[in-house]
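Chemist: One line per chain: the protein sequences are A and B, in this order.
Every number in the numbering used here is 1191 more than the matching position in the first sequence, counting from 1.
Going by the numbering used here, the residue at position 24 of the second sequence is 6; the numbering climbs one at a time, nothing skipped.
For the record, the hints were derived by calculation from the structure and aren't laboratory data.
Small disclaimer: the values here were computed from a predicted structure and weren't measured.
Careful, some of the hints might be misleading.
One side of the interface only, derived from the structure: several residues of chain B facing chain A at Cβ under 10 Å [what the hints assert, rightly or not]:
#	residue
1	T46
2	K49
3	R78
4	G85
5	V87
6	F88
7	E96
8	N102
9	H105
10	T112
Partial chain A-side listing against chain B, Cβ under 7 Å, derived [to be verified]:
#	residue
11	A1308
12	P1310
13	A1326
14	V1327
Beyond 12 Å from chain B on every Cβ pair, some chain A residues (computed) [to be verified]:
#	residue
15	D1205
16	L1266
17	I1317
18	T1322
19	D1377
Virtual Cβ for every residue (Gly too), placed ideally from N, Cα, C.
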Amino acid sequence: MGIIVGEMIPPATDRFFPMLDAILVTFQMALVGTVFGVILSLPLALLAAQNTTPSAFVRHLARGLISFFRTVPDLAWALFFVASVGLGPFAGTLALLIDTIGFCGRFFAETIEEVDAGPNDALTAIGVRATDRIAVAILPSALPGMTASSLFALEKSVRSSVVLGLVGAGGIGAELAVSMEMFRYDQAATIILMIFILVLAVEQLSGKTRSTLLNLRKTNV
Amino acid sequence: MYSPDKLPGDRPVAALNAPKAVRVQDLRKQFSPAGSAIFEGITFSIPCGASLAIIGPNGAGKSTLLKCCVRLIEPDGGKVWIHDKQISGLSRAKLRRLRNQIGFVFQKHQLIPELSALTNVLHGALARGTGPRYWFQALAPLELRQRAMHYLSQVGLSDLAIRPCSQLSGGQSQRVAIARALMQEPKILLADEPTASLDPRAASEIMTLLHRLTQESGITLMFVSHHMEHAKEYGDHIIGLKNRSLQLNRPAKSVDLRELKSFFSETPLYAAS
Ligand SMILES: Nc1ncnc2c1ncn2[C@@H]1O[C@H](COP(=O)(O)OP(=O)(O)O)[C@@H](O)[C@H]1O
Ligand SMILES: [Mg+2]
């Protein structure tokens, strides 16, 4: 192991630009997968939450689907999509999308269930329709919590998108696998550094956004 | 026409054949099948445009009674008519339409804290329409926004229209809740201890406002109060719930304050828990 670390220094720069391309693909996979995952999570969470579901049967169905998406590991989803849509970033994006639904579906539903029932009940008392009540009495109160969950989901996706490349689902992971197999540990070192910078940048950005949101909320209370 | 005022010594509130906004007959509610009823044999009525005060100790079932009138809680016996229409057989859609006609103000204002006062008032109109134009003031057409502003100014809050409700005081919030109820343009307004969480001065202000605005618009008012002074001042008629039954059912004019106060003290409080 000492030898490997020794060979990593100094990191190689010969494939810098292809690597940069690859890590951008990784980031795009994470971003697109998370955004579409978040969009699809919302209706599913509304069906799964006790206070917004149309019926107990639908609720169990939605919860079951979300649990299934969450408990199957993202690597397994990646293998499944590589097999069904072929090698490349599309497979990785789909895997991250499903993984995001598993994560956000659950936390969105929990946030929705935690919303104060009073205002919603007050509108029920005057015969307001369920869709209108969800739009005005549930979602505005759940929005800050759901935004925070979405940002966590993005961080999570960026981290797992690296690994997905190892099974051929696109992005920097493939570069890393090739470098390792060809014993180019100096190249691997560059890749690992790039991953480190990307993950750190996304975490910093999402952390900043979350605390800004939290402060906004505090000034409103 | 049917006159339900059966207790001895009672006189009907208005003319015997005045149309009734709410008529309740022999109402009974019990929460657990094994236990005893919260109340039974409740019979009273309110003429259109009048106001009715409901008094009684904690746990007597006043809130339950109000909720039974719009089937937010299903009664276990007896009948309720709203504007001569019996409500027990209504389908879900018809029940929703009935509730659209009936405003409800609660002890806690139940506004949406993240949204502005104006938007919360606008939501009263959701009882008459549906869709994004009723959701947020920014999406509402001018006519709706102006109506909401009108009701906000009626409760004296035009200056705070765009303030989030989380930043309003208890009294201000309750005013917004009243403006929201007026925006609904209901025929009947139910108010469940609308002033219970306010200090005495704000409480009187809110009751005065509620009474004046409902009178002006010809809205029938049915309110629960712990304040005997309020019950007598703002109610045309007072009913008292105690020991599972209606023990007082009289025009406010014919009851004096001492009598009302002793209503609470002469027998041990009934409180199921
Ligand atoms: N949903 C419910 N399930 C069981 N018991 C209830 C329920 N709602 C109210 N009760 C009971 O019914 C009684 C009357 O309650 P309530 O109508 O709130 O009284 P009040 O408004 O006069 O104080 C109380 O003893 C309360 O515990
Ligand atoms: Mg009560």
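Chemist: Checking against the hints above, which ones are violated?
Modeler: Going through the list in order, the structure violates hints 1, 11, 17 and 18 and respects the others.
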